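Chemist: Given only the sequences and the hints, what does the whole structure look like? Please build it.
Those letters in the sequence shown? Residues 16 to 130, per our numbering, in order.
Be aware that one or more of the hints could be misleading.
Stated by the list, open to error - DMTMM-like cross-link-like pairs, simulated, lysine to aspartate or glutamate; straight-line CA separation at most 20 Å:
#: 1; residue 1: K110; residue 2: E45
#: 2; residue 1: K40; residue 2: E123
#: 3; residue 1: K40; residue 2: D120
#: 4; residue 1: K51; residue 2: D102
#: 5; residue 1: K51; residue 2: E69
Said to hold, decoys possible - Computed spacing ranges between beta-carbons, pair by pair:
#: 6; residue 1: T18; residue 2: D106; range: 40 to 48 Å
#: 7; residue 1: E45; residue 2: K25; range: 15 to 23 Å
#: 8; residue 1: V81; residue 2: K25; range: 39 to 47 Å
#: 9; residue 1: Y91; residue 2: E69; range: 14 to 22 Å
#: 10; residue 1: P60; residue 2: E130; range: 14 to 22 Å
#: 11; residue 1: Y91; residue 2: P19; range: 20 to 28 Å
#: 12; residue 1: P19; residue 2: R126; range: 44 to 52 Å
#: 13; residue 1: V22; residue 2: L56; range: 35 to 43 Å
#: 14; residue 1: E69; residue 2: V96; range: 20 to 28 Å
The hints are simulated quantities; they were obtained by calculation from the structure and are not laboratory data.
These numbers come from a predicted model, not from an experiment.
Ideal Cβ positions, reconstructed from N, Cα and C, are used throughout, including at glycine.
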Amino acid sequence: MSTPPVVTRKDLLTAMLDAGKSVTKVEIKEVTMGPKQAAPLHLHPCPVVGVVIEGSIAYQVEGEAVQHLQVGDAFYEPADVRVARFDNDGDTSAKFVAFYLLGQDEDELIRILPE
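Modeler: Okay, structure coming up:
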């Protein structure tokens, strides 16, 4: 009799949300960025967690060090925090899956900010 395959779980990220945040809906988006494509300065009115599934991303919350995310790396973008960089820093497309944690009557996912 063969041994059944083992299920493994790898911790990718633990993100602490605002204690007052009530999540009633999650929107999941697959986002593709072209080679060397840079996102503008922005924020999310809701917390966002995600994972890189292709390529590499340079991620920087304003005032903090740049994080270089590779395939399999998870990230957390807190609500209402200015994101200075979320850029494809590779020569090929980059792709990530983002989970937008929304509260009651929240629909806005991203707000582009003036530089």
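Chemist: Taking the numbered hints from earlier one at a time, note which ones the structure violates and give those numbers from smallest to largest.
Modeler: Of the numbered hints, 8 and 11 do not hold.
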